[in-house]
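Asker: Below, each chain spelled out in residue letters.
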Amino acid sequence: MTRPVLLSALLLAGIAATATGGGSAAWAQSNGGARALAPGVKVEVAPAPGSGSAPAAGKVDETALRYYARIGDGERMEAEIARLRALDPGWEPPKDLFAPQPTATGVDETPFWTLMSAGKVAEARAAIAEQRRKSPSWQPSDKLLQELELAESAGRIRSASDTKRWQEVVDAAAAQPEAVACNRLDNAWRLAEAYAELKQTDRAFDTYKTIVTTCPKAKERRDTIFKASRHLSPERLRELSALGATANPATGEDYSAVRSAEAELETGRLLERLGNAKPGALSAADLSRVQGIVRDKQDADGAIALGWYFQKQKNFAEAQSWFTQANEWAPSDKAAEGLVLAYNGLGNKAQARAAAAPWKGKSSRIDQALKAVDPPRGPSGPGGGRTAPQGPSELDRALARHDFAECLSIIRGTIARSGPTAALLQQRGWCLLELKRPSEAEAAFAEAQTLAAREPAKGGASAPGKAGSRGPAASGLPQTATPAQENAYGQAIARLATGDVTGLTRDLPRANLTATQRAEIRASLMATEAGRALEDKRYNDVLRLLDARKELEPEPRNLGIVRGWALYNLMRFDEAYVQFKSIDDRLSTEESREGVSTAWKTIYHDW
Amino acid sequence: MAVMQMYRTAGRTALWAALAAATLLTSGCAGWVRDNLTQSATPWRRIQPAALPVTLPDSRDFPIVAARMRDTGTVYKTYNVALGNPTSLAGENRLTVDVQTLPDSLFGALVQPPRVFPVPLYTMETLTVTTRREFPDMKVKVADGARRNRYGDYDYATAQDAVNSCVLAWQLITDHKRMLPERIEAVRLEYRVCGVGSDIRALLAPFDGLTLTLPETILEAQDLGGL
Numbered sequence: 001m002t003r004p005v006l007l008s009a010l011l012l013a014g015i016a017a018t019a020t021g022g023g024s025a026a027w028a029q030s031n032g033g034a035r036a037l038a039p040g041v042k043v044e045v046a047p048a049p050g051s052g053s054a055p056a057a058g059k060v061d062e063t064a065l066r067y068y069a070r071i072g073d074g075e076r077m078e079a080e081i082a083r084l085r086a087l088d089p090g091w092e093p094p095k096d097l098f099a100p101q102p103t104a105t106g107v108d109e110t111p112f113w114t115l116m117s118a119g120k121v122a123e124a125r126a127a128i129a130e131q132r133r134k135s136p137s138w139q140p141s142d143k144l145l146q147e148l149e150l151a152e153s154a155g156r157i158r159s160a161s162d163t164k165r166w167q168e169v170v171d172a173a174a175a176q177p178e179a180v181a182c183n184r185l186d187n188a189w190r191l192a193e194a195y196a197e198l199k200q201t202d203r204a205f206d207t208y209k210t211i212v213t214t215c216p217k218a219k220e221r222r223d224t225i226f227k228a229s230r231h232l233s234p235e236r237l238r239e240l241s242a243l244g245a246t247a248n249p250a251t252g253e254d255y256s257a258v259r260s261a262e263a264e265l266e267t268g269r270l271l272e273r274l275g276n277a278k279p280g281a282l283s284a285a286d287l288s289r290v291q292g293i294v295r296d297k298q299d300a301d302g303a304i305a306l307g308w309y310f311q312k313q314k315n316f317a318e319a320q321s322w323f324t325q326a327n328e329w330a331p332s333d334k335a336a337e338g339l340v341l342a343y344n345g346l347g348n349k350a351q352a353r354a355a356a357a358p359w360k361g362k363s364s365r366i367d368q369a370l371k372a373v374d375p376p377r378g379p380s381g382p383g384g385g386r387t388a389p390q391g392p393s394e395l396d397r398a399l400a401r402h403d404f405a406e407c408l409s410i411i412r413g414t415i416a417r418s419g420p421t422a423a424l425l426q427q428r429g430w431c432l433l434e435l436k437r438p439s440e441a442e443a444a445f446a447e448a449q450t451l452a453a454r455e456p457a458k459g460g461a462s463a464p465g466k467a468g469s470r471g472p473a474a475s476g477l478p479q480t481a482t483p484a485q486e487n488a489y490g491q492a493i494a495r496l497a498t499g500d501v502t503g504l505t506r507d508l509p510r511a512n513l514t515a516t517q518r519a520e521i522r523a524s525l526m527a528t529e530a531g532r533a534l535e536d537k538r539y540n541d542v543l544r545l546l547d548a549r550k551e552l553e554p555e556p557r558n559l560g561i562v563r564g565w566a567l568y569n570l571m572r573f574d575e576a577y578v579q580f581k582s583i584d585d586r587l588s589t590e591e592s593r594e595g596v597s598t599a600w601k602t603i604y605h606d607w
Numbered sequence: 608m609a610v611m612q613m614y615r616t617a618g619r620t621a622l623w624a625a626l627a628a629a630t631l632l633t634s635g636c637a638g639w640v641r642d643n644l645t646q647s648a649t650p651w652r653r654i655q656p657a658a659l660p661v662t663l664p665d666s667r668d669f670p671i672v673a674a675r676m677r678d679t680g681t682v683y684k685t686y687n688v689a690l691g692n693p694t695s696l697a698g699e700n701r702l703t704v705d706v707q708t709l710p711d712s713l714f715g716a717l718v719q720p721p722r723v724f725p726v727p728l729y730t731m732e733t734l735t736v737t738t739r740r741e742f743p744d745m746k747v748k749v750a751d752g753a754r755r756n757r758y759g760d761y762d763y764a765t766a767q768d769a770v771n772s773c774v775l776a777w778q779l780i781t782d783h784k785r786m787l788p789e790r791i792e793a794v795r796l797e798y799r800v801c802g803v804g805s806d807i808r809a810l811l812a813p814f815d816g817l818t819l820t821l822p823e824t825i826l827e828a829q830d831l832g833g834l
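Chains as they are written, first to last, in my numbering: chain A, 1 to 607; chain B, 608 to 834.
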């Protein structure tokens, strides 16, 4: 894997900023350029190794340059050359750069730099002490000592921040301002977060503001805005984005992504509001804006959110159009579910069934949606079961609107009038599940099961899926669940929702389920267990469970993120980075960005 | 160096043996793994209502639907009682009981799991978040004054819409002088119930009338001054 080199890039960009942006000069100067990130805390651009204090004219410190040459780090070497040229325009790189150079004191500092580069600061200190014991007259270079102190300060900031000792983060940054700089951006972020956690929002804002106006890299300014979004109001984020997109531009940097960061956050907020909004809760302008963005990005999830927004308003035509769009961009059972219910709302049952066809029997979501199209109850008898298509009943319409409270009311009324049926109780179970009342749902399914046993058998006594079978994907056989299997499945889903993982795992082999249902429950159990294993820091177990789960179902993005953190904590940083990056490339979210950023910084010791 | 010289004789052999053992253990050769499980919550497991450490007065509207429990480390036991919900609102009616015991070993005292409930139980900020989550689209009001049940004062908030009412009540019992036995550090109770109508007292009646039935007797608060 090709690893980008952050330090050199930052240094080059820092030089560019010095050369082009007068306003950023204070930040980018290597000497005397201290600048307050927040009251009491100053930041400086940390100079590259070997730069030390300002060299006399005509004499620059080439220690770091020679070090980079010796270890063959071409990119850092180029950056260092650029930096030294910026310090002394008349300076030229030495021709013997690659020739072995005896140091003045006869002690080669390379091992110490190497240890420090690997993040082994304590080991570097110990090695220096040991060297001094061997050569009492030798003194480590000022630059080396300075870098060690900086690394130790950064470690203190990181440790205090990781353990949420926010005041200590601020104190550590105040004690060593150089540890909070553009080339140690993570420390600056942690400082801003500490201010925010200490409820010093103005200082947090000032810190973020200093970063986005002085650090030259567009990507870093953009990341800063995402980081700040956790702590700042939308108004302040807007201000931050505007500043980040315009202040102290560096040559060759494209800041359009900085401006769009705020828009992306705004889109996220709008989509979230869309999900929770009551009909008409979004202004026409907001709605039009989010529709435009979803179309531009061909965002299937956004289109589904819009579909549900219109479906709740009973604007079935508009809902159908968005669900269709989502299904075209990225076919999924979620999009198809909306489409089925939207067509049903329009009274177009044939289209609804056609939309469901590719997923029928494979997705419980679709099987449920089909119940709104062909309700499992009817005038033909109290036993429930699938009946011939009929006009939408009150209950159908409630289900099509996803109005599960109404579903409960209607079922309660029907039972009061004409007594319970297994199908009604089962439907009540599904509605209770939707209302996040799993304990009652489980009881409803159990009651339905009992009642079904007393009713005439429907749907035949098809054999349940055998334990250990690998599901319909492997068998290739379509499976239709009997009412008894649907009840057992409902109970299993309810038990999952109540967290009864152990009991469900124990009972699953004996449960009367189709192979598809069994596979789905097993996959959910493994996902839950993987999450628990992650909490318990059993990272190999996380991977073992996720790998096994992947054999049953494709891995959703939230479990992909879990996989990434398991890899990260097993110190398989490159794999973790690839995992997070592949998720982030498909749809960038706060979680995926956090994973990419953390893995990247760990790989390149860029804390 | 001075330290190393101290181990030149018999002690040195012991040190190397210990080091070798430690290396073996930490390398996994002796089957050692990090034990985090003792500090994290176990999965929920179902229990019979009779096994709950709490007895609720009989209620037609709020019967016990299910009961479950889990442990966190060796010091916390959490019981969750799902209650019936006569409304069409989302969310389970429930009573949660957290029992915090004192560790029974020196190691247990040194390595304790993080608290399973915060103290203070709520701030205005966290209460706002919780009531918004529990009772979306309802008008929420935090009661000005506390109420009292058998175990002393508790606070509560109410939520109402046109048809239904809900309550969220919370209580922390830490009185070691009278109520709690020696090995119980604290008991936290949280009660969330929605019902049809607007009778808040009826909703709070099960919480007012509950009795804690832990193995060691928890005494009721007395001299409540006008309860």
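Because the hints were derived from the structure by calculation, they are not lab data.
In this text the structure is predicted, and so the values were computed from the model without any measurement.
We treat Cβ as the ideally placed atom computed from N, Cα and C, and that holds for glycine.
Just to be clear, a hint being listed does not mean it is correct.
[Claimed, not checked] When the alpha-carbon atoms are kept at most 25 Å apart in a straight line, the in silico PhoX-like pairs for lysine-lysine are as follows:
no.	chain 1	residue 1	chain 2	residue 2
1	A	Lys581	A	Lys601
2	B	Lys746	A	Lys312
3	A	Lys581	A	Lys297
4	A	Lys436	B	Lys746
5	A	Lys219	A	Lys581
6	B	Lys784	A	Lys436
7	B	Lys748	A	Lys95
8	B	Lys748	A	Lys537
9	A	Lys360	A	Lys349
10	A	Lys371	A	Lys360
11	A	Lys95	A	Lys164
12	A	Lys601	A	Lys537
[Unchecked claim] Residues from chain A that keep clear of chain B, each with C-beta distances beyond 12 Å, as calculated:
no.	residue
13	Val107
14	Glu152
15	Leu232
16	Arg412
17	Ala443
18	Thr502
Asker: State for each hint whether it applies.
Answerer: Each hint tested on the structure:
| no. | hint | in the structure |
| --- | --- | --- |
| 1 | A:Lys581 - A:Lys601 | holds (13 Å) |
| 2 | B:Lys746 - A:Lys312 | holds (22 Å) |
| 3 | A:Lys581 - A:Lys297 | holds (19 Å) |
| 4 | A:Lys436 - B:Lys746 | holds (20 Å) |
| 5 | A:Lys219 - A:Lys581 | holds (15 Å) |
| 6 | B:Lys784 - A:Lys436 | violated (40 Å) |
| 7 | B:Lys748 - A:Lys95 | violated (78 Å) |
| 8 | B:Lys748 - A:Lys537 | violated (41 Å) |
| 9 | A:Lys360 - A:Lys349 | holds (15 Å) |
| 10 | A:Lys371 - A:Lys360 | holds (11 Å) |
| 11 | A:Lys95 - A:Lys164 | violated (50 Å) |
| 12 | A:Lys601 - A:Lys537 | holds (21 Å) |
| 13 | Val107 | holds (21 Å) |
| 14 | Glu152 | holds (24 Å) |
| 15 | Leu232 | holds (17 Å) |
| 16 | Arg412 | violated (8 Å) |
| 17 | Ala443 | violated (6 Å) |
| 18 | Thr502 | violated (5 Å) |
Of the numbered hints listed earlier, those contradicted by the structure are 6, 7, 8, 11, 16, 17, 18.
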